[in-house]
Amino acid sequence: MPGKLKAKIVAGRHLPVMDRASDLTDAFVEVKFGNTTFKTDVYPKCLNPQWNSEWFKFEVDDEDLQDEPLQITVLDHDTYSANDAIGKVYIDIDPLLCSEAASVISGWFPIYDTIHGIRGEINVLVKVDLFNDLNRFRQSSCGVKFFCTTSIPLCYRAAMVHGFVEELVVNEDPEYQWIDRIRTPRASNEARQRLISLMSGELQRKIGLKVLEMGGNAVVGYLQCFDLEGESGIVVRAIGTACTLDKLSAGANANAYTHPNTAPASNACNSPSKDSKESPLAHGCRSTHNSPVHSTCSAQRLSQNFSVSVPTLIFAGMGSGGSVGKEAGPLKMLLRQQTQTALEQREFPFFTLTCFPPGFLVHVGGVVSARSVKLLDRIHNPDEPETRDAWWEEIRQEIKSHAKALGCHAVVGYSESTSICEEVCILSAAGTAAILNPRYMREGCLDIGSGDHRFDEPSPPSCGFCHIPYDELNMPFPAQLTYCYQCRRQKVPDVLFTTIDLPTEAAVSGKGCLIQARLCRLKKKAQGEVNATSISNLLPFMEYELHTQLMNKLKLRSMNALFGLRIQISIGENMLLGLASATGVYLSALPTPGGIQIAGKASGDLSNEQHVLSIQKRINDAMAKNKEMYHINPPELSEEAAGSPIPEPKQRSRLFRSQSESSDELSELDLSHGKKDAFVLEIDDTDAVEDIHSLLTDAPPPAGFYSCNTEVMPGVYNWTSGLQMFTSVRVLRLSNANLTNQSLNKIFTDMCENLLKSLYFKLRSMIPCCLCHVNFTVAVPEDELIQVAVTAVAMSFDKEPILEKLGDRAVFKGAGENEDQLQFPMELCAESASVAISNLTAKFTGVPEYAGGPSRATSVDYGSFADRCSTWLELIRLKAHTIRRGSVKTISSSERCSPLPEGRSRSLRSTRSSGGGGGGTAVTVVKMTPLSFLPGTRLIKYLGIINMFFIRETTSLREEGGVSGFLHTFIAEVFAMVRAHVAALGGNAVVSYSMKECVFMENPNKNQAQCLINVSGDAVVFVRDTDQEATPTLIHTSCGGTDGPT
Amino acid sequence: MAVELDVFVGNTTIMDEEVYQLWLDGYTVNDAVKVRMVSEGMEEYEASAEVVMSDTMDQYRTFQMCERLLHNPTKLANQLLFQIPPHRQAMLIERYYTFDDVFVREVLGKKLSKGTKKDLDDVSSKTGITLKSCRRQFDNFKRVFKVVEELKGPLVENIRQNFILSDKLARDYAAIVFFANNRFETGKRKLQYLTFQDFAFCAGQLIKNWTVGAVGESVFLYVLDNMVEDMDVDLDKEFLQDLKELKILITDKDLLDQHKSLVCTALRGKTKVYTEMETNFKNLSRGLVNIAAKLTNTKDVRDFFIDLVEKFIEPCRSDRWASADMRLYLTHYTNSAHLLDTFKYQVVWDRYMGVIKSCIFKMYHD
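Those protein sequence lines, which keep their order, are chains A and B. What the first sequence shows, in my numbering, is residues 1 to 1046, in sequence order. What the second sequence shows, in my numbering, is residues 10001 to 10366, in sequence order.
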């Protein structure tokens, strides 16, 4: 009996009128946990009842505490008939189980009904007394902290990163049980909400157990998803990265502002963690013993899977053949082998993190992804979800082998997703192949290695992560290699695609921008295996085309790397939708991208040639314009310009030397591919026409706006506290029955573009502003519907001091750089800053000998399409070639800070923020952001994970303002409930917020609609940088900052 | 290719003041889009009609969802559905309750009943204000009326607290409630030249001086004892009764003459319209005192303003008195009464004339 849960019902307010006769309500409350229920007295005839109940006490196992939510039901007492339910509140008490998080839950919660939405509020107090339980066989994992944040949380340091944890649980979907035919929609919705709440509790507990077994105390980058498989049930699955986190003392994280990597920076000097006492060996054993929960029996299960559940369709290219090619040769370095051994003990060396402590990431290979099309069948035994486990196991193995082929031993920025349509399901996994510093992986090494040890090692340049990890002579795919433009010593690819955030130490020229590739493919309606086959046949083409689009768009923007790449493929009855989003940047270490050359097939035809020329001109213009817009000033120019001073003489001489070397190398490379001299888009080719079309129709964001889908925007540092998180959903009905792929593409592209335009317009008052973490999800909810949902945060920034800021930053990072730098802004943007950074990072690790790496999401290999792929790779090679040829020489430093209306908007904002103070209300302002930080603040406490699932249904759609009115209300309600829970935990913000699921179904003829939303995030307490005190309870004044557009 | 669904929800509720005004003014979404497309600053964002349409729809929806809360502004502050910074909340409420003077002029003093509401389409076509906006304004009047009707305590303060309005707006509402409660006639042609602000000022004067709540604290306690509820809304009955006594000023011939000579002495040489004042004195004095004497009659209370205009303002205007003449005359007229030895009702006289003076000053214009 290791826990006592206590709940007290204080009061209600704004209750709905339940008795028409008196226009009042006789409300009472039922408090339920597990199978125990308590009731308050009836508070008669009042819409604002004051129950002020006794403490209701539940004595329960901590296992139940983790699994079950506290369920509070508000009812209207009725003497003669059954009591009417007003609504419910589910409270996840998990945050109370962790000593570091919240100690009490207290506050106003919206009373939620799945049919009527929010109906008043209830004030509740919840506490937990937890007894220490030393039972070794315990099933609970109380105390393990969960974080949605995909970096080391800001007020912690990572003593050790243990690695990948995963789990899934399955159950029957109440909506598909026989009983659903006779129960009310409300009962069915509530059963579902409750079930999913239970399942995610159970899942979290199980993951927690694995973490404890591994010796960790936290899960970072926790990603939980629901698969609503319809008839075959509900799957709730989660992945994460197990870590041992130590809390930093209050002072240590003072500089949380620039976001991620402050905590890791202190890693080096911190004292050994508790875990270090265990011997590495012991730990090694433990981890193998534990993490492969399936591994012992996996073979058996797999075979079961193949033989028994035959309908599973194994997707082509599951083997590691194809374009990925051979595994990296044995030429790799010692260190790497060490790391490999450390990592290979793990079944899956995957990390859901996207941001890393400096020095953690040694090299990045490229994007690896795998998809698999499966036919769903009923899950017969929910306790043994072996089929689903096996499916994911397969995919992960695939990813692992892809990574290997790229010469990498780990996968970072790893994520998994599904798309389900009827009984067909696409499982997808993607990540970035990488080589990690083994130090963080091995037990105790962080600590053993103390200070001086680190300095012995050659310092890694800030460009280290760009260097290819694979063997130059044995490349997994044909890529253009050059010497790194920064250190001139290692090889880099011409373009780099990754799923992670831009490492903070990376040197970037100019700003980044959101790049999207969109694609629709029609398919015939089909059933079962035929359907699955046709889908899996389409997939590689889609993947290929999405990549081509990405590549073209990247080049059009004169950029050479993509971060945060996320490719989503959704299936519908008669079409497939593909959407790839990423943030393009210009990495100074990589070569300058070249142009795109347009060619007509039939030369000689004059009009045609003119057409070609005009398109060529438009493309060239667009590229020039983009360069200007994103302030891309390739740093190489400043190097080449004779006599341009470079801060460190030593560095300079090396640079110069390597410069000449590399130019030799360049010409060599050029010669070797001399025959075909440019990447050519032939406009007679319909694909190319489409490409060009999509290239040129992507409207740039209006002046003053930037956008990215990563945590931070490269090139923007001076954030103000003005921020606005939002969700926008659009559904388009395709009216035309005879759609072609092309027209469909256009519709889809326009839809996304228009959505972006609308966002820019709505947020115009925040200019200058950046949309960060723009996360698009697409779905095909019905035959002729396309749904796009976006969640992002708009953050405004101060425009003009870019130059100084950058200087400051460099000085800050490099501790004592020469001030003269400031006179040479062009270097500043790339050279000096990066030099400074490299100085710093040098202290941590570094293995400069690597030839470094590039990539592209090649690893999506579909063996049977090798031909197609190889042509694609050929194209890329050609493109790479052009890049080198067409390097642009024009640069003007003055355009770094464009003289836009900064003065005006700044003054606007200042007046606005001053206005927030007055008239303090009782409602805590809760900020929400998909990022892991809030600019201008320090996160001082993580209160626990927020993971909520809601269903809303209506049978009076028209009366609620149609589908838009219905969904608008629902999303607002979900936000309100998230805020209320955070406030009740004592928090004032949610970071790493995401809307994982938004399933919308409608039946306008029946005046009905239903929607399911799943959101998650980390509840936190923040204080403003300017505040001394660390006690932020009610922060009325902060609303000035929250106040976004007006 | 129809957009089936299109929503945008911010953690902080985004509200554009311009669109809010259009919504309040009763523009349809389409009309609002037309207005916005040509308004300033739009070309800066290269906003297409589609984008503006989507934004407008979204905002309209948000406003509709908020409207329920705006009906009960105190709820807006502690509701959880919309996160709106306090100063924005204040703006939303203030604007929602702001009304058009032209509109209020039409319904001022009318019973806030269903019948009046039915006639709003006439008001709408007459004033050029959309029917939707007329209805909102009318419903606001009615809502405020209903709430404060049942409350004790000072009217303006009650309105300000229950509807979280600015002082100015709360006073205007107090005037509207006061007029509606006492059903003052304001619609006659002769009163057409008066603006709402004229009436609001007069209402303020009446509330301040002639209601039960206007009298000092001792009376206030007395009021509590007697459970008189609408202390600011109803005129002080006792005072109205007392006003009858003023009749002596016109019925007693000596008193009348004495009063006249005192006033004339004081005025002589100070004004161009002295002769007119002298000849009209008796008429005017009779007019004012008769108004006072009749106020016990509900019907005559309703005609208070029309009486003031007919019995006093019009005669003066036809004699071309300037505003200054009017002030001079009324000041001396009031003060001279104090010098009448036999006139015992000084307190009542001052309470009456104080209001009459300021009302007439306000109403004496073209």
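Careful: at least some of the hints might be erroneous.
[To be verified] To list a few chain A residues with every Cβ distance to chain B over 12 Å, as calculated:
1. Val60
2. Trp108
3. Ile182
4. Leu195
5. Gly230
6. Ile420
7. Val530
8. Ser614
9. Ala622
10. Thr727
11. Ser728
12. Asn741
13. Lys927
14. Thr969
15. Val974
16. Lys1006
[Unchecked claim] In silico DSBU-like cross-links for lysine-lysine, where the CA-CA straight-line distance does not exceed 30 Å:
17. A:Lys57 / A:Lys45
18. B:Lys10146 / A:Lys45
19. A:Lys127 / B:Lys10075
20. A:Lys45 / B:Lys10142
21. B:Lys10168 / B:Lys10142
22. A:Lys4 / A:Lys32
23. B:Lys10111 / B:Lys10208
24. B:Lys10075 / B:Lys10237
25. A:Lys45 / B:Lys10034
26. B:Lys10270 / B:Lys10311
27. B:Lys10272 / B:Lys10237
28. A:Lys39 / B:Lys10075
29. B:Lys10188 / B:Lys10253
30. A:Lys45 / B:Lys10270
31. B:Lys10034 / B:Lys10114
32. B:Lys10270 / B:Lys10126
33. B:Lys10208 / B:Lys10272
34. B:Lys10282 / A:Lys746
35. B:Lys10299 / B:Lys10110
36. B:Lys10146 / B:Lys10311
37. B:Lys10034 / B:Lys10110
38. B:Lys10299 / B:Lys10188
39. B:Lys10146 / B:Lys10247
40. A:Lys8 / B:Lys10075
I should point out that these hints are in silico values taken from the structure, not numbers from a laboratory. Predicted, not measured: the structure shown is a model, and the values here were computed from it. Glycine included, every Cβ here is placed at the ideal spot set by N, Cα and C.
| message | Could you work out which of the previously given hints the structure breaks and list their numbers from low to high? | response | Numbers 2, 10, 11, 13, 14, 15, 24, 25, 27, 29, 30, 31, 32, 33, 34, 36, 37, 39 - these are the hints that the structure violates, sorted from lowest upward.
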